[in-house]
Amino acid sequence: MAPIIRMVNLTKKFGDFTAVDHLNLEVEEGEILGILGPNGAGKTTTLLMLTTVIRPTEGTAYIGPYDVTKEPDKARTLVGMAFQEPKLLWVDSPWDILNWHAKVCGLPLDERAKRVRWALEELELWNDRYKSVHAFSGGMRKRVEIAKILIQRPKIAIVDEPTAQIDVVGKYRIWNMLRDLRDEGSTILLATNELYEADVLSDRVAIMHKGKLLVCDEPKKLKDSIPGGDVVEITLEKDAPEKMLNELREIPRIVNVLAVKPNYLKIYLNQAEEVLPKITEFFVKMRVQVRSIRMSEPSLDDVFAHYTGLTIEEAQRE
Amino acid sequence: MISIRKVWIVAERDIKMFLRYKFLLIMRAIWFISQIALFGLVVNQMFRGDVQAAVGGSYFNYYAAGIIITMLYSTTVFIGYDIYEEADHGVIEYLLSVPVSRKELVLGRSVGGGLRSFLYVGPMMLLVLYLIGASNPLQLLVALLSLFLFTFGVAGFSITLAVSIKSSDQFDILMG
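Listed in order, the protein sequences are those of chains Y and X. Here this note's numbering is used: the first residue of the first sequence is 1, the next is one more, and so on. Here this note's numbering is used: the first residue of the second sequence is 1, the next is one more, and so on.
No wet-lab data here; the hints were simulated from the structure. Just so it is clear, CB atoms sit at the ideal spot from N, CA and C, and this is done for glycine as well. A couple of the hints might just be wrong.
One side of the interface only, derived from the structure: several residues of chain X facing chain Y at Cβ under 7 angstroms [what the hints assert, rightly or not]:
| id | residue |
| --- | --- |
| 1 | Lys22 |
| 2 | His89 |
| 3 | Gly90 |
| 4 | Tyr94 |
Result set (DSS-like, lysine-lysine): computed pairs, CA atoms no more than 25 angstroms apart in a straight line [to be verified]:
| id | chain 1 | residue 1 | chain 2 | residue 2 |
| --- | --- | --- | --- | --- |
| 5 | X | Lys103 | Y | Lys155 |
| 6 | Y | Lys238 | Y | Lys220 |
| 7 | Y | Lys131 | Y | Lys103 |
| 8 | Y | Lys103 | X | Lys103 |
| 9 | X | Lys16 | Y | Lys70 |
| 10 | Y | Lys13 | X | Lys22 |
| 11 | Y | Lys243 | Y | Lys261 |
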């Protein structure tokens, strides 16, 4: 099956700064593709190019059969976007915003009324539907933004950090709604910097950093692909010097040691049950007291760290 | 190919949006009434009969017609401020992402910006025409059509300037 979105050397530069750097990525019809990366990775810029809000500096993208640089009007008929920052005017009410959105997307009157009511009720906005969004919290505004694509049910739904500022219960509800949207036939492109969200919601995850695509695959395959299938997290009583880390790396079956904090290490290794005693022995020998030790499965953060040498949190701070 | 339906949907949004600025609408209406009922009559008393004759019989008529044009201009220009407000809240990005062509969007906003002003000032316009004593239907029709084209043009001009000038303060100074 032909991909429904195809990015070909998609590039966006703002002056000397390259926000998106020769991105080549395909999205299959009916999948949820998560774009994971820290702030500034180029996720939102990519989405804005796909929705034809901004033009690529170089390369292009195809939305279905339409080239976004040559047929932007046609490309937009297939796409709906829920923005990262809710795009609402203070004088608007959810009722007006959603009804206008449904109308401009070409929904007939009866269907419009049904879907707007359904979305407002599902997102617990029905009682506040006539209130100005000026009085809304960040989470409520975000729900209005999400409601737009739930009502539109576009062929390609683009959602940028859909659950930012939303409480835990609300997050699960929105994830289920996005899954339902996918099951009804939409392809979903999800940009997020939340590891868990990308992991549980995406069929495939594309990891971006500094405008470049690092890797794209199913979450499980990505996690399995990193050398050192087990992760041991160790918190020390005092900071570990670089020399100590290098010696630690010398222990057989340890693939990598990442100092998340000077006293907090993530050790990637194979056959943890055999290596763990050697690790504890090592710290005893070095006379460094271990405060805590924990074994875990690799996460998408570990995948990100494998490709960049940084955790997402560190990359975010950079 | 421009879709009239989509142009109207865009225009309709601007018309509805305008009705939400209740404070602005009330203040403008008060301004109009005070201009006509107070300043118009006062200024009219300040001119001699020969001057009044030179401007069509009554300086009040001249003044009232001018007030209507000023009202139309100032309310139509407001679409430019909407653009700034939308830019601040990122609504422009949203409008650029909906399935409406750029031409439909610009045309819709120009029509909406002009029409909302025309509809708002309409009753005042009729009042002024009544006060002036204009009764020829053809002249009325031509006057209304010209005034609508005026608002449509000013709305388009205001949108163009708002998009070109990044500072709302500069826009404010330029548009008076």
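Consistency of the hints with the structure:
| no. | hint | result |
| --- | --- | --- |
| 1 | Lys22 | violated, 9 angstroms |
| 2 | His89 | holds, 6 angstroms |
| 3 | Gly90 | holds, 5 angstroms |
| 4 | Tyr94 | holds, 4 angstroms |
| 5 | Lys103(X) x Lys155(Y) | holds, 24 angstroms |
| 6 | Lys238(Y) x Lys220(Y) | violated, 34 angstroms |
| 7 | Lys131(Y) x Lys103(Y) | holds, 20 angstroms |
| 8 | Lys103(Y) x Lys103(X) | holds, 18 angstroms |
| 9 | Lys16(X) x Lys70(Y) | violated, 33 angstroms |
| 10 | Lys13(Y) x Lys22(X) | violated, 43 angstroms |
| 11 | Lys243(Y) x Lys261(Y) | holds, 15 angstroms |
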